[in-house]
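*Asks:* Just need the whole structure built from these sequences, with the hints factored in.
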Amino acid sequence: MNPQQQNPEGAIDVELSEEIAEGVYANLAMIAHSNSEFILDFIRLMPGVPKAKVKARIILTPEHAKRLLEALRENIGRFEEANGDINEPNGFRFPGSGFGGPVGQA
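Be aware that the sequence shown starts at 1, since it is given in the UniProt record's numbering, and climbs by one per residue.
The reader is advised that the hints may include incorrect statements.
Using 25 angstroms as the maximum straight-line C-alpha spacing, the simulated DMTMM-like pairs for lysine to aspartate or glutamate come out as follows [what the hints assert, rightly or not]: (1) 55 / 19; (2) 53 / 18; (3) 53 / 74; (4) 55 / 37; (5) 66 / 41; (6) 53 / 19; (7) 55 / 9; (8) 55 / 70; (9) 53 / 80; (10) 55 / 18; (11) 51 / 18; (12) 66 / 80; (13) 66 / 15; (14) 55 / 41.
Don't read these hints as lab results, they were simulated from the structure.
Note that the coordinates shown come from a computational prediction; the quantities given were computed from them, not determined experimentally.
*Replies:* The structure is reproduced here in structure tokens:
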């Protein structure tokens, strides 16, 4: 069977390796842009660690960045319809020596 018969017209066959499928946790995103690209850095901040690490960097064209924005709006809308509104934080601040919660003890 040739590839044209396997996929409906316009469908994209996407391969997802096991390593990528596991995902990477990030609790901060920073965005920069030039006249030709948007750069999204996904960062993991850990309590008590002064240095945060970029865990993934995605570079998009402006057109793809706008498509991503619309896809996020659509998906957040669906999520909130099913699960209720997502609470919006009053403002973000970088944590100092922790995330502001109680400190664990051993």
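*Asks:* Could you run down the list of hints and mark each one as holding or not?
*Replies:* Comparing the hints with the structure gives:
With a C-alpha separation of about 14 angstroms, the suggested pair residue 55 and residue 19 falls inside the 25 angstroms cut-off, and the hint holds. Straight-line distance between C-alpha atoms of residue 53 and residue 18 comes to about 22 angstroms, which keeps the hinted pair within the 25 angstroms bound. Taken as a hint, the residue 53 and residue 74 pair is broken in the structure, with Cα atoms around 29 angstroms apart against an allowance of 25 angstroms. Proximity of residue 55 to residue 37 is assessed by CA-CA distance (about 19 angstroms); at most 25 angstroms being required, the pair is judged to hold.
For the proposed pair residue 66 and residue 41, the alpha carbon gap of about 17 angstroms is at most 25 angstroms, so the pair holds. Taking the CA atoms of residue 53 and residue 19, the gap is near 19 angstroms; set against the 25 angstroms cutoff, the hint holds. For the hint linking residue 55 to residue 9, the alpha-carbon distance of about 35 angstroms lies beyond 25 angstroms, and the restraint is violated. For a cut-off of 25 angstroms, the pair hint linking residue 55 to residue 70 stands: about 24 angstroms separates their Cα positions.
Between residue 53 and residue 80, the direct Cα distance comes to roughly 30 angstroms. Violation of the 25 angstroms bound is thereby established for this hinted pair. Of the supplied pair hints, the one linking residue 55 and residue 18 holds, its CA atoms being roughly 17 angstroms apart against a limit of 25 angstroms. For a cut-off of 25 angstroms, the pair hint linking residue 51 to residue 18 is broken: about 28 angstroms separates their Cα positions. Note on residue 66 and residue 80: the hinted pairing holds, with a Cα-Cα distance of about 21 angstroms set against a maximum of 25 angstroms.
With a C-alpha separation of about 24 angstroms, the suggested pairing of residue 66 with residue 15 holds against the 25 angstroms cut-off. Proposed proximity of residue 55 and residue 41 is supported: the alpha carbons are some 8 angstroms apart, at most 25 angstroms.
Against the hints set out earlier in the document, violations occur for numbers 3, 7, 9, 11.
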